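Chemist: Protein chains in written order, with the numbering used here: chain A, 1 to 317; chain B, 1 to 317.
In case anyone wonders, no lab produced these hints; they're calculated from the structure. One should not assume that every hint holds.
For chains that are exact copies, the list does not tell them apart, and a pair is met inside one copy or across any two.
[Said to hold, decoys possible] Straight-line C-alpha distance at most 30 Å; calculated DSSO-like pairs for lysine-lysine:
#, residue 1, residue 2
1, Lys310, Lys254
2, Lys39, Lys307
3, Lys256, Lys12
4, Lys220, Lys254
5, Lys270, Lys26
6, Lys310, Lys26
7, Lys257, Lys220
It should be emphasised that the depicted structure is a prediction, and the values quoted were computed from it without experimental measurement.
Number of protein chains: 2
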Amino acid sequence: MESENNIVDISKRDIAKLISNVENNKFDCLQDIRRQYFKKGHAFIIGITGPPGVGKSTLINRLITEFRRENLRVALLAVDPSSNITGGAILGDRLRMTRHILDEDVFTRSVATRGHLGGLSKIVPEAIQILDVGGYDIILVETIGVGQDEIEVSNFVHTVVLVLVPGMGDEIQAVKSGIMEIANILVFNKADRFEIGKHNDEFTVMGISNYSDAPKQKYKKLFKTSAKDGTGVKELVEEILNHRALFVDTGEFKRKKNDQLRVFFDSILKEAVTKKIMGLIIKDASYSEVLAEILQGKLDTYSAAEKLIKEHLFFEL
Amino acid sequence: MESENNIVDISKRDIAKLISNVENNKFDCLQDIRRQYFKKGHAFIIGITGPPGVGKSTLINRLITEFRRENLRVALLAVDPSSNITGGAILGDRLRMTRHILDEDVFTRSVATRGHLGGLSKIVPEAIQILDVGGYDIILVETIGVGQDEIEVSNFVHTVVLVLVPGMGDEIQAVKSGIMEIANILVFNKADRFEIGKHNDEFTVMGISNYSDAPKQKYKKLFKTSAKDGTGVKELVEEILNHRALFVDTGEFKRKKNDQLRVFFDSILKEAVTKKIMGLIIKDASYSEVLAEILQGKLDTYSAAEKLIKEHLFFEL
Chain A
1 MESENNIVDI SKRDIAKLIS NVENNKFDCL QDIRRQYFKK GHAFIIGITG
51 PPGVGKSTLI NRLITEFRRE NLRVALLAVD PSSNITGGAI LGDRLRMTRH
101 ILDEDVFTRS VATRGHLGGL SKIVPEAIQI LDVGGYDIIL VETIGVGQDE
151 IEVSNFVHTV VLVLVPGMGD EIQAVKSGIM EIANILVFNK ADRFEIGKHN
201 DEFTVMGISN YSDAPKQKYK KLFKTSAKDG TGVKELVEEI LNHRALFVDT
251 GEFKRKKNDQ LRVFFDSILK EAVTKKIMGL IIKDASYSEV LAEILQGKLD
301 TYSAAEKLIK EHLFFEL
Chain B
1 MESENNIVDI SKRDIAKLIS NVENNKFDCL QDIRRQYFKK GHAFIIGITG
51 PPGVGKSTLI NRLITEFRRE NLRVALLAVD PSSNITGGAI LGDRLRMTRH
101 ILDEDVFTRS VATRGHLGGL SKIVPEAIQI LDVGGYDIIL VETIGVGQDE
151 IEVSNFVHTV VLVLVPGMGD EIQAVKSGIM EIANILVFNK ADRFEIGKHN
201 DEFTVMGISN YSDAPKQKYK KLFKTSAKDG TGVKELVEEI LNHRALFVDT
251 GEFKRKKNDQ LRVFFDSILK EAVTKKIMGL IIKDASYSEV LAEILQGKLD
301 TYSAAEKLIK EHLFFEL
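Bound-form chain A, shown alone:
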């Protein structure tokens, strides 16, 4: 499959700068991106999740190599829940060490989501939008764990790949956290380490198979890979690309993009309206008067807001 966005008018450097702005809650610079996104927006977005230690990084490197063989441009967005102060750079450093660093058609980046206004659900979709407009065909969104972040990310991606290692008890953790239910493709990595019939492998696979019958699952496949020697990676990529084709054919791709456009539209409106109206309210004398009453202990905050809104904005709280 050929790349659909051969013309790229945004440099890697500009993309990195735009994502940094988003991390810092600066959205004004996104005007051009928003103008282009509604026309473009071709990328297939893949969430990759799983507990630490299952070999996600190695697997992701292998996946990128496979996607590049298909002449697809790939972006990797690593969601970093650590703070921007203490740990934000660690994951970034790791990313920069990938073997694809010199490939012009591969972009890797970590985004710090903790301590930011709106957190993950505000930053990740904007970053995806930027990468999409940047002409990447495949966007991998990596999260490290099986928790709330993973559930949130699943709202913004087209398919979720859950990576586990058999016999490590990961499955139980994943089942408990609800990740199993949002996963579309299950990968058992480090397949070289275990043999069929041993190490509870059959039991594990059976356990998983039961999950594929769950009513919430529209689409679920099970893969065994060895990121170390590359076993199963080609088949996994074929499956992902099949999933993409199915997504486009069924109109699911378009539906998901429309949902996202509406979320973006509402959020721009909301921010503009709130900023404008709050600016007007705070400048008005009545605001200072009511605030003074609060600080003098005459009015509580709720009654004060009630009063201000009723008398000056003519609606009821």
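Using the hints, position chain B against chain A.
Modeler: Okay, now just chain B, sitting in the frame of chain A:
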């Protein structure tokens, strides 16, 4: 010092329920709390932070015992950055095991902040407000780490106690993350484990002493405690209560409360206004028309918002 709020009209159970509501983004139930807070609001709020493994829990148990000896009612709010799905209950379980479980005048609770709209900065001040109205004289806000959460919490508390263990390299981590600068009281716990003059102790204390000269520091004291045998805990509590007296005397307490009242007032206004105006916009035919143009690929989200606002709300984006 005697408890200032002997009359308590909210049960522990009601407080727990109100905090749960806040965790679930339900703020309507806070009307009564807001009405009472501006009159009450007497609690002294102490942030307690430090890396895992420094013995914070044991120290907090000791602190609670000491505060109770002074006849002060104590609430412990543990900020839990783990998801509400995977780990929220773990910290909660630990809390419930404290020796103060049967004391009617001690309230302990963990709040899950991750994955919530607005996160920590929305939930923690509201929870503090509830506990304050609930009649607790001392509110301990525990965070587990030296990162962004700790910096955020420092905005809502009166004093920050940073707990470290000498020779563990914690200080360097704390310095790097900026926690040292926001700490008002430094505690070296596990003092029983080291002797003066050994284990780089003098060096460590010197390093810390230098920090107390930093211009940002208005108030900084250094304590050595042993949570295990109780050494130094009484002195630490005396210092905290001195800090409280100073805070009230200098008017800093009142100033901080006023700041918080304004934040609450603005946030009630903002929420009400946004809800109202967005409700009106979305119901209007022009919203659907412009949204349709986006979905048909005629308009991008930014231009669409610009158009809607200019034509219907008569201001410029």
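Chemist: What label fits lysine 310 with lysine 254 when the C-alpha limit is 30 Å: within, between, both, or neither?
Modeler: Classified as between; 29 Å across copies, 43 Å inside a copy.
Chemist: When Cα atoms must be at most 30 Å apart, do lysine 256 and lysine 12 count as within-copy, between-copy, both, or neither?
Modeler: The answer is within: 26 Å in one copy meets 30 Å, while 45 Å across copies does not.
Chemist: Checking lysine 220 and lysine 254: alpha-carbon separation at most 30 Å within a copy, between copies, both or neither?
Modeler: within (21 Å within a copy, 58 Å between copies)
Chemist: For lysine 257 and lysine 220, with the copy left unspecified, which applies at a CA distance of at most 30 Å: within, between, both, or neither?
Modeler: Only inside one copy: lysine 257 and lysine 220 sit 22 Å apart there, 53 Å across copies, limit 30 Å.
Chemist: Given a CA cutoff of 30 Å, do lysine 39 and lysine 307 count as a within-copy pair, a between-copy pair, both, or neither?
Modeler: Between copies only: 18 Å across, 46 Å inside.
Chemist: Please work out whether the CA atoms of lysine 310 and lysine 26 approach to 30 Å or closer within one copy, between two copies, in both situations, or in neither?
Modeler: between (33 Å within a copy, 22 Å between copies)
Chemist: Checking lysine 270 and lysine 26: alpha-carbon separation at most 30 Å within a copy, between copies, both or neither?
Modeler: both (15 Å within a copy, 20 Å between copies)
In this structure, every one of the numbered hints holds.
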